[in-house]
Amino acid sequence: MPWASKDTLERIKHSFRQINIDIQPHFVCINVEDTKDITNILKHLKDVEDFRYFIDFHVIDFPKEKDRFLGQYILVNPYTFERLAVKVWFKNNKLPTAKEIFAGAKWAEREAYDMFGVEFEGHEDVKRMFMWEDYKYFPLRKDFPLGGIPEQKLPSLTEVLEGNTMPPSHDYDIMHTYVPTIKEIEKTEKSRITKRGQLVLNWGPLHPGTHGTMWFLFDLEGEHIIQTDVILGQLHRGMEKIAENIHYFQFLPYTDRMDYLSAVCNELSYVQAVEKLANIEVPLKARYIRTMFAELQRINSHLLWLGTGALDLGALTVFLYAFREREKIMDIIEGNAGFRLTSAFLRIGGVHYDLAKGTLEVAKYFVKDFYSKLKEYHGLLTRNRIWLKRTKDVGVITQEDVYQYGLTGPVARGSGVAYDMRKIDPYAAYDLVDFDIPVGDIGDVYDRYLVRMEEMYQSARIVEQCIEALEKMPENEPYVNKKHPAVIPPKEDVFNDLEDMVKSFRIVVHGENMPKGEVYSSGENPRGELGFYIYSIGKSSPYRLRIRSCSFYNLSVFPKVIEKHTISDAVALLGSIDPVVGETDR
Amino acid sequence: MASSINGNGFITTTVDELLSWGRRNALWPVTIGLACCAIEMMHAAASRFDIDRLGMIFRASPRQADVLIVAGTVVNKVAPMLKLIWDQMPEPKWCISMGGCASAGGPFPTYSTLQGVDRIIPVDVYIPGCPPTPQGLIFGLLELQRKIREKKVTRYEKAFEEFKKDLSPELLSGIGV
Chain A
11 MPWASKDTLE RIKHSFRQIN IDIQPHFVCI NVEDTKDITN ILKHLKDVED
61 FRYFIDFHVI DFPKEKDRFL GQYILVNPYT FERLAVKVWF KNNKLPTAKE
111 IFAGAKWAER EAYDMFGVEF EGHEDVKRMF MWEDYKYFPL RKDFPLGGIP
161 EQKLPSLTEV LEGNTMPPSH DYDIMHTYVP TIKEIEKTEK SRITKRGQLV
211 LNWGPLHPGT HGTMWFLFDL EGEHIIQTDV ILGQLHRGME KIAENIHYFQ
261 FLPYTDRMDY LSAVCNELSY VQAVEKLANI EVPLKARYIR TMFAELQRIN
311 SHLLWLGTGA LDLGALTVFL YAFREREKIM DIIEGNAGFR LTSAFLRIGG
361 VHYDLAKGTL EVAKYFVKDF YSKLKEYHGL LTRNRIWLKR TKDVGVITQE
411 DVYQYGLTGP VARGSGVAYD MRKIDPYAAY DLVDFDIPVG DIGDVYDRYL
461 VRMEEMYQSA RIVEQCIEAL EKMPENEPYV NKKHPAVIPP KEDVFNDLED
511 MVKSFRIVVH GENMPKGEVY SSGENPRGEL GFYIYSIGKS SPYRLRIRSC
561 SFYNLSVFPK VIEKHTISDA VALLGSIDPV VGETDR
Chain B
243 MASSINGNGF ITTTVDELLS WGRRNALWPV TIGLACCAIE MMHAAASRFD
293 IDRLGMIFRA SPRQADVLIV AGTVVNKVAP MLKLIWDQMP EPKWCISMGG
343 CASAGGPFPT YSTLQGVDRI IPVDVYIPGC PPTPQGLIFG LLELQRKIRE
393 KKVTRYEKAF EEFKKDLSPE LLSGIGV
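Listed in order, the protein sequences are those of chains A and B.
All letters in the first sequence, in the order written, are residues 11 to 596 by the working numbering.
All letters in the second sequence, in the order written, are residues 243 to 419 by the working numbering.
Don't take every hint at face value.
To be verified - Using C-beta positions, here's what the derived DEER-type ranges look like: (1) A:Asn394 <-> B:Gly297: 31 to 37 Å; (2) B:Asp258 <-> A:Gln162: 50 to 56 Å; (3) A:Lys152 <-> B:Glu392: 32 to 38 Å; (4) A:Asn394 <-> B:Gly251: 47 to 53 Å; (5) B:Ser289 <-> A:Lys385: 16 to 22 Å; (6) A:Gly207 <-> B:Asp258: 29 to 35 Å; (7) A:Val512 <-> B:Pro370: 45 to 51 Å; (8) A:Asp379 <-> B:Glu392: 41 to 47 Å; (9) A:Asn394 <-> B:Thr255: 39 to 45 Å; (10) A:Gln162 <-> B:Ser289: 41 to 47 Å; (11) B:Pro370 <-> A:Gln162: 26 to 32 Å; (12) B:Pro370 <-> A:Asn103: 56 to 62 Å; (13) A:Ile447 <-> B:Ile299: 38 to 44 Å.
Calculated directly from the structure, the hints in this document are not laboratory data.
Treat the numbers as computed from the prediction; the structure is a model and nothing was measured.
Glycine is no exception: its CB is placed at the ideal position from the N, C-alpha and C atoms.
Could you build the full structure based on these sequences and the hints that come with them?
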């Protein structure tokens, strides 16, 4: 049972009279009527009711309401795995900060300020999270257009240098949104840290070791870091804003481009949320196919972590070995989805294609082979003396940190918190397969390494079981639930059946209106819990779609853990947290 | 190479030809990954595709590189920093725009995304795809090699013309220009 039970809700109601309880099929929340009470209620929930696991904080904008902004916390009880949302209205755009109660709220509040312009009393460090310091607008407000406000002329330099071509090289608008100057970026950098040590060192944003475009500022005393801050937003593309402007099914390819290393897992989390909202049943075959591909993708993602993580610490060989296996998995995905990386393979209500001929044989061979390859990686690293020295007792994350900062995935499991959505709230076919959750002990880099290695082994086990189940199924079993009005029929039916063609045409052009309501649903990504919160007002696109990003919260513990350690440990720690910028920034 | 080998084992060619031959066969890209395309760029450098075969080695410093592969979405915030890296690269240099986002904004017509990297950096080769496969990237690199062979190094000459403007006439006659 992933949501708070009736008993718990009644107990809370008993302690606080001034709250309302709202129970929906896939969402349970308490509405706090008076903004002043929120600190007390959060403290009570954390200390008395044990909702100590911070999952998310986000804001919804209602321009026509009196108080306009609605804040929402999502908390989890890590002992019973109950989940509960807490809603509270902002008073005059202000809310008391929760960063003393949940440390993870610090970054979440920064993000809320950046996107909505709301303020937090008692949070003196509210800075722009994704945009730069002088940026004038608050993009996620409802009155801000998706395309931004064009302010400057920015012609294509190719045309300026080579002259206009006929026909034009591409059709583009010469007016562009404001691009900051390097001075403004420097101002953003200076506003983050007040120097206390000898030197402020920039790591990133365009550095091969930062896994993309993260920007770290280290205040150094000798080689030791005394304070640090992370500047994000070098890949902020406005995913949540896009989602509000397009139909539900159109957002699916965008989820691929968030955490681009685990495309299928992202899709799975998203389609799951929409299916819960629209109440769509998924055929058994599609569930198995989804599970199989999600697990292949998990192996794929962990292999990249292994390769680059080892590369950061100086072991180039592992990188080449890991990419050898990645190519094989990508071939299996490409053979079925037609795309290597951003596959867009799943659909709301099923999967896009039936399994391609020969997939099961190839996958079977791959898994059989993979066990021996896994041994090879263990042989390269697990008892390697240099590897042990660089990772043992480095970057220790405690259980309290996990709850405070809302860490999930292998980072949480490495510290001994057995929090895995596949077991707690089984989706796809995870309730039909057998697997174990590896859990670490101390919570250092080495533990997280072992957890991920073991996860790859368990994933391979799941893939094996899925292949077995799929082999037994008759060939013409349905792989998409096309009877539901919100599901686009498979392509082969669209071309052969008039009714399906009309339905496909209708959904693609107009979208299908979804029922009113709220859904928070999450899946276990290779990096942690990827959650989608959908606020639907009965239209064909969501009123608000919040992406609870696992990399974002996992990274938020970085400044705390790295304090008093050396720069070389920072590389090892970041490699073991394994954030993906596409998802931290969205 | 438009050249001939005579009986004694000598090659005769023009300096231009020789320079362009050397340049196009040792293109060193900067190691910069912006988004999804960077993963495919890594794949192009890793086990199966191995672009080392084409004389391409990724360099971590822009000062040592002559090709900028813009792999991924360029957002407004990162644009000035990318431009800085482009300015730090020594001439002659080339830019490859990899994927739909870098070429024209791709699927992100939003408030925060730069609609095509050619707004800030002149691009030599555009590679379509979201993301392009490693084969696509290698094709783009081969196209760049062809471009260097056919077009010579025009931008280098332009830079030299600019350089000459600043020099005094006596100095110019001194170096025989």
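Evaluation of the provided hints:
Against the hinted window of 31 to 37 Å, the Cβ-Cβ separation of Asn394 (chain A) and Gly297 (chain B) comes to about 32 Å, which satisfies the hint. At roughly 39 Å, the beta-carbon separation of Asp258 (chain B) and Gln162 (chain A) lies outside the given 50 to 56 Å, and the hint is violated. One distance hint, 32 to 38 Å for the beta-carbon pair Lys152 (chain A) and Glu392 (chain B), is violated here, with the actual separation near 52 Å. Taken as a hint, the range 47 to 53 Å holds for the pair Asn394 (chain A) and Gly251 (chain B), whose Cβ atoms sit roughly 50 Å apart.
Taking the beta carbon of each, Ser289 (chain B) and Lys385 (chain A) are about 19 Å apart, inside 16 to 22 Å as hinted. Between Gly207 (chain A) and Asp258 (chain B) the beta carbons are some 53 Å apart, a value that contradicts the proposed interval 29 to 35 Å. Distance hint for Val512 (chain A) and Pro370 (chain B): a CB-CB separation of about 33 Å, inconsistent with the stated range 45 to 51 Å. Under the hint 41 to 47 Å, the C-beta atoms of Asp379 (chain A) and Glu392 (chain B), about 45 Å apart, fit the expected range.
The beta-carbon spacing between Asn394 (chain A) and Thr255 (chain B), approximately 50 Å, falls outside the hinted interval of 39 to 45 Å. In this structure the hint that Gln162 (chain A) and Ser289 (chain B) lie 41 to 47 Å apart at CB holds, the actual value being about 44 Å. Between Pro370 (chain B) and Gln162 (chain A) the Cβ separation comes to about 27 Å, which falls inside the hinted range of 26 to 32 Å. At about 44 Å, the CB distance of Pro370 (chain B) to Asn103 (chain A) disagrees with the hint of 56 to 62 Å.
At about 42 Å, the beta-carbon gap between Ile447 (chain A) and Ile299 (chain B) stays in the expected band of 38 to 44 Å.
Violated hints for the displayed structure, listed by number in ascending order: 2, 3, 6, 7, 9, 12.
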